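*Asks:* Quick mapping for you: the protein sequence lines, in order, are chains A and B. Per the UniProt record's numbering, residue 1 is the first one in the first sequence, and the count goes up by one each step. Per the UniProt record's numbering, residue 1 is the first one in the second sequence, and the count goes up by one each step.
I should point out that these hints are in silico values taken from the structure, not numbers from a laboratory. It should be emphasised that the depicted structure is a prediction, and the values quoted were computed from it without experimental measurement. Quick reminder that beta carbons are idealized off the backbone N, C-alpha and C, glycines included.
Calculated lysine-lysine pairs in the DSSO-like style (CA-CA distance at most 27 Å, straight line):
# : chain 1 : residue 1 : chain 2 : residue 2
1 : B       : 130       : B       : 263
2 : A       : 35        : B       : 379
3 : B       : 467       : A       : 277
4 : A       : 304       : A       : 254
5 : A       : 277       : A       : 304
6 : B       : 262       : B       : 130
7 : B       : 134       : B       : 423
8 : A       : 277       : B       : 468
9 : B       : 259       : B       : 130
Residues on chain A that point at chain B, a partial pick, calculated with CB under 7 Å:
#  : residue
10 : 66
11 : 87
12 : 93
13 : 157
14 : 160
15 : 346
16 : 348
17 : 351
18 : 357
19 : 363
If the Cβ cut is set under 8 Å, some of the chain A residues that face chain B in the computed set are:
#  : residue
20 : 317
21 : 347
22 : 364
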Amino acid sequence: MAMALRKLGWGGVLIGRRGFSSTGELESSSSRDGKLVNLFTAVNQALHIALDTDPRSYVFGEDVSFGGVFRCTTGLAHRFGRQRVFNTPLCEQGIAGFAIGLAAMGNRAIAEIQFADYIFPAFDQLVNEAAKFRYRSGNEFNCGGLTIRSPYGAVGHGGHYHSQSPEAFFCHVPGLKVVVIPRSPRQAKGLLLASIRDPNPVVFFEPKASTLKFIFRQLCKIYQCWLYRLAVEEVPDADYMLPLSQAEVIREGKDITVVGWGAQLSILEQACEDAEKEGISCELIDLRTLIPWDKETVEASVSKTGRLLVSHEAPVTGGFGAEISASIIERCFLRLEAPVARICGLDTPFPLVYEPFYMPTKNKSCFRLCTCEREYTSMTKGQYKRTTFHLWILFRQPIRALTEAFVQILDAIKSTVNY
Amino acid sequence: MALRLARSRLLTHILRGKIEALTTFDGVSLPNLIPIWFNSSPANGNDTCRGGSLSNTRNFCSLPHAGSVQANEILTQDDKGSISQVLDFPGGKVAFVAEMRFLAESPKERISCYRVLDDSGQIVSGSRFKEVGKDLARKMYTDMVTLQIMDTIFYEAQRQGRISFYLTSFGEEAINIASAAALSLDDVVLPQYREPGVLLWRGFTLQEFANQCFGNTLDYGKGRQMPIHYGSNRLNYFTVSSPIATQLPHAVGAAYSLKMDKKNACSITYFGDGGTSEGDFHAALNFAAVLEVPVIFFCRNNGWAISTPITDQFKCDGVVIRGQAYGIRSIRVDGNDALAVYSAVHAAREMAVSEGRPILVEALTYRVGHHSTSDDSTKYRPIDEIEHWRIARDPISRYRNWVEGNGWWSDADESELRSNVRKELLQAIQVAERLHKPPLRDLFTDVYDQVPNNLRDQENLLRQTIKKHPADYPSDIPL
Ligand SMILES: Cc1ncc(C[n+]2csc(CCOP(=O)(O)OP(=O)(O)O)c2C)c(N)n1
Ligand SMILES: [Mg+2]
Numbered sequence: 001m002a003m004a005l006r007k008l009g010w011g012g013v014l015i016g017r018r019g020f021s022s023t024g025e026l027e028s029s030s031s032r033d034g035k036l037v038n039l040f041t042a043v044n045q046a047l048h049i050a051l052d053t054d055p056r057s058y059v060f061g062e063d064v065s066f067g068g069v070f071r072c073t074t075g076l077a078h079r080f081g082r083q084r085v086f087n088t089p090l091c092e093q094g095i096a097g098f099a100i101g102l103a104a105m106g107n108r109a110i111a112e113i114q115f116a117d118y119i120f121p122a123f124d125q126l127v128n129e130a131a132k133f134r135y136r137s138g139n140e141f142n143c144g145g146l147t148i149r150s151p152y153g154a155v156g157h158g159g160h161y162h163s164q165s166p167e168a169f170f171c172h173v174p175g176l177k178v179v180v181i182p183r184s185p186r187q188a189k190g191l192l193l194a195s196i197r198d199p200n201p202v203v204f205f206e207p208k209a210s211t212l213k214f215i216f217r218q219l220c221k222i223y224q225c226w227l228y229r230l231a232v233e234e235v236p237d238a239d240y241m242l243p244l245s246q247a248e249v250i251r252e253g254k255d256i257t258v259v260g261w262g263a264q265l266s267i268l269e270q271a272c273e274d275a276e277k278e279g280i281s282c283e284l285i286d287l288r289t290l291i292p293w294d295k296e297t298v299e300a301s302v303s304k305t306g307r308l309l310v311s312h313e314a315p316v317t318g319g320f321g322a323e324i325s326a327s328i329i330e331r332c333f334l335r336l337e338a339p340v341a342r343i344c345g346l347d348t349p350f351p352l353v354y355e356p357f358y359m360p361t362k363n364k365s366c367f368r369l370c371t372c373e374r375e376y377t378s379m380t381k382g383q384y385k386r387t388t389f390h391l392w393i394l395f396r397q398p399i400r401a402l403t404e405a406f407v408q409i410l411d412a413i414k415s416t417v418n419y
Numbered sequence: 001m002a003l004r005l006a007r008s009r010l011l012t013h014i015l016r017g018k019i020e021a022l023t024t025f026d027g028v029s030l031p032n033l034i035p036i037w038f039n040s041s042p043a044n045g046n047d048t049c050r051g052g053s054l055s056n057t058r059n060f061c062s063l064p065h066a067g068s069v070q071a072n073e074i075l076t077q078d079d080k081g082s083i084s085q086v087l088d089f090p091g092g093k094v095a096f097v098a099e100m101r102f103l104a105e106s107p108k109e110r111i112s113c114y115r116v117l118d119d120s121g122q123i124v125s126g127s128r129f130k131e132v133g134k135d136l137a138r139k140m141y142t143d144m145v146t147l148q149i150m151d152t153i154f155y156e157a158q159r160q161g162r163i164s165f166y167l168t169s170f171g172e173e174a175i176n177i178a179s180a181a182a183l184s185l186d187d188v189v190l191p192q193y194r195e196p197g198v199l200l201w202r203g204f205t206l207q208e209f210a211n212q213c214f215g216n217t218l219d220y221g222k223g224r225q226m227p228i229h230y231g232s233n234r235l236n237y238f239t240v241s242s243p244i245a246t247q248l249p250h251a252v253g254a255a256y257s258l259k260m261d262k263k264n265a266c267s268i269t270y271f272g273d274g275g276t277s278e279g280d281f282h283a284a285l286n287f288a289a290v291l292e293v294p295v296i297f298f299c300r301n302n303g304w305a306i307s308t309p310i311t312d313q314f315k316c317d318g319v320v321i322r323g324q325a326y327g328i329r330s331i332r333v334d335g336n337d338a339l340a341v342y343s344a345v346h347a348a349r350e351m352a353v354s355e356g357r358p359i360l361v362e363a364l365t366y367r368v369g370h371h372s373t374s375d376d377s378t379k380y381r382p383i384d385e386i387e388h389w390r391i392a393r394d395p396i397s398r399y400r401n402w403v404e405g406n407g408w409w410s411d412a413d414e415s416e417l418r419s420n421v422r423k424e425l426l427q428a429i430q431v432a433e434r435l436h437k438p439p440l441r442d443l444f445t446d447v448y449d450q451v452p453n454n455l456r457d458q459e460n461l462l463r464q465t466i467k468k469h470p471a472d473y474p475s476d477i478p479l
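Okay, chain A solo, but in the shape it has when bound (with noise of 0.2 Å):
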């Protein structure tokens, strides 16, 4: 079960043992160990999978057919035939659409968008169409069939459009499962199985597997923060599924909860390795799933450690780290020792040559786990308790206030219509 995390094409020196053990269906079927891949060699995998065992699925976008920009679709129109595997026009309006229709008629229909930086020419189709085809019809009809897969995230080269985290976009949307991001390939694996099996349209963004051709260039300066993507892994030949909505704790500890997604955690876990030398034990969460996300696991942690921290590459302002923010504050309030804090992208477009300043690096988030620990452990907890309390208490009269303008508001109203 342990997994050998190894630099590619650094002779396999085994780097890291760590108890990467997932939940669910992979327990059973790992007994049957495979070959170590890459990432996108375990999306291919899911891929032949998929397609092999439903022959009603489809994969299809722009460049498929001779594998794909990112080579993640190679060998799959030779093997099941470019009725089933295709490329389509330049158009993500166009693969979105057709592929709600697809999905709708009872197929899996498994899309490719060549980018997330090129999804929003099929944002109509997702939020209005594919989200919504089951609640607008009375489940007359679904399109649960869709899965739009789509590789997302810095490179270290990519500038405006090459680069963009865009999921928070459709966290936004009820209706769509959202799966970011698998962190390794034997998770990426197992998670996209479960996306095209599952009953509901899932976006299923992907780490972008040119990294590694970046990172051998620079493996000099940067390798330390791109390791994570670098990683090959040992990935089981069977079919598998890793199930949805489960965050997965991927590290213990006492004193705050990390949580983050993707290749985001790389970067996390070298934080929490540099706290940790600092005397912080830090507990680090994969969320995998954005929607519907694993609160549950999250709450746990945070009772215990009191801490938490949200870290993602997108903008932080209106970023899904937001929303965890706030969901926990309302779970944990008295439990929470020091506030939330978010290590994020900046609120700009994604620069070019900024790029490193741009990022949450693995510094910003160790300098925030550490003062989320000191500035407030100078308080004792009874001291920051009753502070809380007071605060809450504070809270409650401008809601009290609100209410108040609210009734007010709703009596001119009547007053007026009545006039």
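Use these hints to put chain B with the ligands onto chain A, whose structure you have.
*Replies:* Relative to chain A, chain B with the ligands alone:
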């Protein structure tokens, strides 16, 4: 049966004659289907023939006599000058015809392609084109060669890891330079990304190109975008944006502004064959036609959109054919023939500006290079095909033959040009590379006209982090 068919043809013929404005279109008649009459005159009786589905219409009309009688009646009526055979419909009169005809999926012949120079650079006899004088001809040639050398050297610079990305215009030099030459500097350009030659023509210097590719402090885009995303307000060239086809509707809006301001100018937007599949392409053509704006849609149909061949992109006869569907005057031109491109764009501009109308130009060409430095096109297309276009259909040597034939160019000119451009480029790269990057402050400017408070806070926080961990950050960005 034969008689009946003959009669119906006659009728169709007569009707066509009466409604002159109708253009004919290659259509298909369904075999074995008998004409259906749409008749507004109730006196005609024969209710059974009206409004039936295809199948029962056929059953009924297979009674030959009934069909013939009806045809005669209508003919008579028609002779009396009845207007019941046309439908007055917004946009003009629509003729009713007896024959059920579906428009064919394509015309029988492909739309022909305008050219001036043959493969060897000789003027095709009888060709009509806009004269190009010596100075213009030499400048066009010079810029085509400059573009090619720039591509070669920047491509190499990317391979050496000195710039992060590059994308060449190999094979499309004539399109780039000749189309630009036919425009006026007041015309507004909304490019895709494979048209740096237009900018070169307008006077963007090799140093300016290099500054952008290196994202240094003199890059107008302040290092924020990937290489090749050029832009210049001074040269009326909107900044390149990676998403495909988004610039097309912009061009229509820009042209509307030119029209409202009564400017003697048009806008021109460039895009690839792949771009024509995006919704924005269709929106833009339709808007342009409806709003009657002076815009030139210039499609570089180079056969490929990354690995997707045009046969996977569209089933119709390329791009030019679609202009007509939107009510846009259109032409197909040999994109590897500089004189043809020049003449076509020149004429397109005339019509666009003087008549306030959109024009669609489809240039047939080939993407001789890989899609970009991230691509290896030998994975999906035969090397023979690439080599054929690179050598036998090279637009530069074809054009050179013509220029040389006029006695306007010599081998000495050639080697002088090549060595000068090379020198200038290497110099430009050295300078660009040595210049520092834009200052940190520019990470936060231009998101809005003013830097709002949230970004000020983020900048302050970032500066604190940099103080603590200076090693995390590149040293060539001034703080
Ligand atoms: C909206 C959008 N989808 C996908 C892409 C990825 N992409 C970049 S270039 C390209 C092909 C464009 O082909 P074409 O329009 O023919 O132009 P060419 O590269 O041949 O000049 C694709 C799919 C993109 N940039 N934007
Ligand atoms: Mg193309």
